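Novice: 1 is the number of the first residue of the sequence shown in full-length UniProt numbering; add one for each residue after it.
Simulated from the structure, these hints should not be mistaken for lab results.
Just so you know, not all the hints are guaranteed correct.
[Stated by the list, open to error] Computed cross-link-like contacts, EDC-like style, restricted to lysine to aspartate or glutamate with a CA-CA straight-line distance of at most 16 angstroms:
1) Lys-49 - Glu-87
2) Lys-123 - Asp-113
3) Lys-123 - Asp-79
4) Lys-90 - Glu-112
5) Lys-34 - Glu-54
6) Lys-119 - Glu-54
7) Lys-90 - Asp-110
8) Lys-34 - Asp-121
9) Lys-137 - Asp-79
10) Lys-49 - Glu-93
11) Lys-49 - Asp-81
12) Lys-46 - Asp-81
13) Lys-46 - Glu-140
14) Lys-90 - Asp-79
15) Lys-90 - Asp-113
16) Lys-123 - Asp-110
[Said to hold, decoys possible] Using C-beta positions, here's what the derived DEER-type ranges look like:
17) Asp-81 - Ser-31: 17 to 23 angstroms
18) Pro-107 - Gly-32: 26 to 32 angstroms
19) Arg-118 - Gln-42: 18 to 24 angstroms
20) Gln-52 - Lys-137: 19 to 25 angstroms
21) Phe-78 - Asp-35: 26 to 32 angstroms
22) Glu-139 - Lys-86: 26 to 32 angstroms
23) Arg-118 - Glu-76: 27 to 33 angstroms
24) Pro-107 - Lys-137: 16 to 22 angstroms
Treat the numbers as computed from the prediction; the structure is a model and nothing was measured.
Ideal Cβ placement from N, Cα and C applies to all residues, glycine included.
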Amino acid sequence: MTELVLTLSSPGVGNAPLFTFTDPKLCRSASGAKDRLLQWCQFKTKNYKNIQIENFSTSWSNGLAFCALIHHFRPEAFDYDALSPKERRKNFELAFRVAEEQANIAPLLDVEDMVMMRKPDWKCVFTYVQSIYHRFKNEEI
Numbered sequence: 001m002t003e004l005v006l007t008l009s010s011p012g013v014g015n016a017p018l019f020t021f022t023d024p025k026l027c028r029s030a031s032g033a034k035d036r037l038l039q040w041c042q043f044k045t046k047n048y049k050n051i052q053i054e055n056f057s058t059s060w061s062n063g064l065a066f067c068a069l070i071h072h073f074r075p076e077a078f079d080y081d082a083l084s085p086k087e088r089r090k091n092f093e094l095a096f097r098v099a100e101e102q103a104n105i106a107p108l109l110d111v112e113d114m115v116m117m118r119k120p121d122w123k124c125v126f127t128y129v130q131s132i133y134h135r136f137k138n139e140e141i
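With the hints as extra help, turn the sequences into a complete structure.
Specialist: Structure follows, in structure tokens:
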């Protein structure tokens, strides 16, 4: 099986890999894995309003893409239609809380950091989205 290791630097951690991407459905090359994960996100959120996922940075900057992706798998957790793109903090808090409480997805992103950034670091978003994928890949809906 092909294995992709994306190395992200964290303060005090050095260059230890934060994850190993081994899913054969997504893994072909670094860009191939990124493109396939992006397509998976687009497919899972295609029927959600105010969502246009084109990348792993600005497409996630208001929190709605995270909410839509989590809502797709946990629709009973919250009313997606009541969310607003203008309430970024609320969206990030909701998505990260529900992901952690209902799906045991570690909160790899910080709400404060996401609110401060208009253009999130794509590697951080990619890492978190990959953890969502790994959690739900066997719960295809």
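Novice: With the threshold set at 16 angstroms, check whether the alpha-carbon distance from Lys-46 to Glu-140 stays at or below it.
Specialist: Roughly 15 angstroms separates the two Cα atoms, so the pair holds.
Novice: Tell me if the straight-line CA distance from Lys-34 to Asp-121 falls inside 16 angstroms.
Specialist: holds, 14 angstroms
Novice: Evaluate the given range 18 to 24 angstroms for the C-beta pair formed by Arg-118 and Gln-42.
Specialist: About 21 angstroms separates the Cβ atoms of Arg-118 and Gln-42, which means 18 to 24 angstroms holds.
Novice: Below or equal to 16 angstroms on CA atoms is what counts here, so check Lys-119 against Glu-54.
Specialist: holds, 13 angstroms
Novice: Check the hint pairing Lys-90 with Glu-112 against an upper bound of 16 angstroms on the C-alpha distance.
Specialist: Measuring from Cα to Cα gives roughly 11 angstroms; hence the hint holds.
Novice: Taking 17 to 23 angstroms as the stated bounds, is the beta-carbon spacing between Asp-81 and Ser-31 within them?
Specialist: For Ser-31 against Asp-81, whose Cβ atoms are near 35 angstroms apart, the range 17 to 23 angstroms is violated.
Novice: Do the alpha carbons of Lys-49 and Asp-81 lie within 16 angstroms of each other, as the hint requires?
Specialist: holds, 8 angstroms
Novice: Falls inside 26 to 32 angstroms, the C-beta gap from Phe-78 to Asp-35?
Specialist: Since the Cβ atoms of Phe-78 and Asp-35 sit about 29 angstroms apart, the hinted range of 26 to 32 angstroms holds.
Novice: Is Lys-90 within 16 angstroms of Asp-110, Cα to Cα?
Specialist: holds, 13 angstroms
Novice: Would the pair Lys-34 and Glu-54 pass a check requiring their Cα atoms to be no farther apart than 16 angstroms?
Specialist: holds, 11 angstroms
Novice: Please check whether Pro-107 and Gly-32 have a Cβ separation lying inside 26 to 32 angstroms.
Specialist: Once the Cβ atoms are compared, 28 angstroms apart, the range 26 to 32 angstroms for Gly-32 and Pro-107 holds.
Novice: With the threshold set at 16 angstroms, check whether the alpha-carbon distance from Lys-90 to Asp-113 stays at or below it.
Specialist: The hint holds at about 13 angstroms.
Going down the numbered hints, you'll see the structure goes against 3, 9, 10 and 17, while the others check out.
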